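Visitor: Residue-level listing of the chains:
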Amino acid sequence: MTFVRRHLSGMLVLGIPLAWIVVFMLVPYAIIGTYSFWSKTYPTFRPDFQFGNYATLFSDPQYLQVLLRTLKISALVSVASLALAYPFAYWLVFRCRWAGVRTWLYMAVIAPLWVSYLLRAYIWKTILGTEGILNSFLMWSGLTDAPSDIFLYNQFAMVLTLTYIFIPFMVMPIYTALERIPPNLAEASADLGQTPWQTFLKVTLPLSTPGIAAGFTLTFCLSFGDFIAPFLVGGPDGNLIASVIQTQFGSALNWPLGSALSVVMLVIVLSIVSLSDRLERSSRVGAS
Amino acid sequence: MAAIIQLRGLSKHYSKTIIGVDDVSFSVEDGEFVTLLGPSGCGKSTLLRMIGGFEEPTQGTILLAGRDVTWDPPYRREVNMVFQDYALFPHMTVGQNIAYGLKMAGERRAAARARAAEALELVGLPDKIDQRPDQLSGGQRQRIALARAIVRRPKVLLLDEPLSALDARMRDQMRIELKHLHEKVGITFIMVTHDQEEALTMSDRIIVMEQGRVAQDGRPQDIYDHPASPYVANFIGTTNFLPAIVTRTGAGRATFNCGGAGVDVLTETAPQAGARVTLGFRPEKTRLLAEGETAPNVLEGRIAEVIYYGLGLRTSVELPTGDSLFIDTLLADTLVRSAIPRPGTPARVAIAPHNIFVFPGEVRS
Amino acid sequence: MTARTSRGLISRYGADTAFMTFVALLMAFLYIPIWVLITFSFSSSRSLTWPIPGFTLEWYRKLFANADLQTAVGNSFYVATFATLLALVVGVAAAMALNRYDFPGKTLFRRLILLPITLPGIVTGISMLNMFSLFGFPLSLETVIFGHATALLGVVVTQVYARLQRLPRSLAEASGDLGANPLRTFIYVTLPNLRSAIIGAGLLSFVLSFDEIPVTFFLTGRDNTLPMYIYSTMRRGVTPEINAVGTLIVLASLVLIVISVVVTRDKRS
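Residue numbers (my numbering), protein chains in the order written: chain V, 1 to 288; chain X, 1001 to 1365; chain Z, 2001 to 2269.
Be a bit skeptical, because a hint or two may be false.
Beyond 12 Å from chain Z on every Cβ pair, some chain X residues (computed) [to be verified]:
#1 1125
#2 1262
#3 1267
#4 1311
#5 1323
List of simulated lysine-lysine pairs, BS3-like, C-alpha gap at most 27 Å [unchecked claim]:
#6 125(V) to 72(V)
#7 2106(Z) to 125(V)
#8 1179(X) to 1155(X)
#9 1016(X) to 2106(Z)
Far from chain V, some chain Z residues (derived; all Cβ distances over 12 Å) [as the list claims (entries may be wrong)]:
#10 2044
#11 2050
#12 2068
#13 2082
#14 2103
#15 2105
In case anyone wonders, no lab produced these hints; they're calculated from the structure.
On a predicted model such as this, the values are computed, not experimentally measured, just so you know.
Heads up, the beta-carbon is just placed ideally off N, CA and C, and yes, glycines get one too.
Could you build the full structure based on these sequences and the hints that come with them?
Guide: This is how it looks when you write it as structure tokens:
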């Protein structure tokens, strides 16, 4: 049999996804990479090779501000999600004594993922607004007597909404990581005289770092690139980097700048992912 | 009988330094039961997989009934394999598993099921045909794997460590059953194992492998009684090794100086006088002499330890040179308790001249 | 009982109560908004304030009379179906390639396939938009399908690869040994064992495609998918009609979750 005939199935199995990646990922990325070096001439833009777009991004304070604001929001969302997800996952894996309850509660946290993201963002808009449900409830119950506008259209609303939306992504990897810890490790630790808190700090927490890293990365990157929820609940603060990109490709018709921004985003996400990968790999080696 | 399998210069080199199989050539006659024997990493499984088509050689050819199948994928070879983990399809019933090969060959469902039932009869599990693999025990699964491989009537059946996953009792039973199956079905069997007892009891022929090469190829008896190298002598059965120097060679005989004692050996292969050799002999061929008894090739030493293992005794004797050797004695009914040697007492050991192997050079045991 | 063990018991009991309160609060946080969504879809008042003046099915009636909405739903079904199919075909192939072969650039290959999961949809959408316009392809539901499939590849590969890793390699070898060429081995041995992973990944991909906005935003022509339609409605203002749509979506999601659990649980038992 010839070489090709023998390896035909292998070549197809590898070739199809490879072709897909080249056509729908590598080529598009190369194109925005190329566009990012073009220059904007009124009314559109022309081919060129210059770093002006990148220079603008890093020198013009408005872009830098947006970038920093986005990073800050993403970090806050990730930390808030972690603070909520970790105790929940911990309780489910180690303290919940009824297996049925555990399964149901786990699914209850994951289930919202299957419900429209858009709606989950929208509902907070209706809850937090001045004419929204929270305000009317507070007035109806007599706790306040005028609607308050501190709930919506600010960073607080954005962090709240995004945390609400992305919590499942933090719960899943942490739950999986905690589940993998052999239960006799905790027993051995208790046997050696450690209090539950010490066992947690010295045994459970370190072994769950891969899960934390994975969840954090996912939540961070997802918040980082979101423009819908910030638009709905963020008000003027809702202008995150993704919205800026959207404008460049929309009304501003500044494709080169938008491409440069996209490239920066791509690089940031890739770095976070590979950093997290390395963290995961090194902690796993240590743990085993 | 024609050669059903011929390997010529077969090699599998993974890199310059990592070699799986190195220049192996041998033939297998139709209907033979051949065992590839060796420790893990010696290349026996790789060799088997190349015969089955699961690995591509880097050099050499494989002929099946005269046809070059070296580059044929497994589904084009009339060879079937029983895998070490049995590889039964978990999503199919036993009957469907066995009929799978027939279905691939185009047989209709009814006929295939009938043949599957036949094969199940052959391995003694006729009533399991509609059960699932996960409902069966290890030994039963192994027999289903066998049935599945045999039902296609391949020219050669390959078995990859078929008994290693079974417990000791099951293993003994399956050895006999496999041997009977081979006689009943008449197909050529090529088996891979690291268990020398299996090889000795089941095979018509054993090919002992060492680091990718053939160390010796022959009938079990020949390999046991005339091992070609210390490696083979050590791997099959137990061997006592003692260093010696050639004092005299003659026609079909040689004399050695073994730690001061003179030893006569019937051998064709002694190098010239003065050369260093290693003598080897089996514990069960070594005798502990009684008071006043004489015999050729006597070595003097001291009893170090006596171990009782039900069937008999294993006595270890320490020689003045510092070497020690083992003697295996079967406990006959007539052996009286007082005849059991006691540690510390002096002992005289004898081996017959035709029971000693001569290996050039020194052997690190 | 010594003082130490009784103190230990109390602190353990205290910790348990604290945990359970926390879990209850978290569940409330997660589900009160959904409850709000559903309840207010029946409110007879146009503005969403508490308390609810009366109950009505008016909004649902409006929904079913809304032709635009129904077209959008149909479009979403069309896109989700084909995007899922494409993602499954390419994703299963990719998972098999990753599982079975070692080739130069394997890590890069894997990173790229999984990239669109973490990469903001906006970058995927924009980069593909640029490509399509450069090569002269008009934007349409079909371009959306390719965009979704690219974004969903990672979902399929993750699940199918995990399942493949647990499948012994000897099964495929045994199949080949018994006379099946690679295609037949795939159909009769590999695929049946991947069934639960494929169904699970397929359902999840379908749902994610149905809900997708950023990639769709940039790749769609004049046709709307359901989330795009809802989004444009939202920009015009808040109305209980959206709550009604939302409630229906929640119901549909519930049904899908149950299906997914039933199908994947059966396989395990």
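Visitor: Against which earlier hints does the structure fall short, listed by number upward?
Guide: 7, 11, 14 and 15
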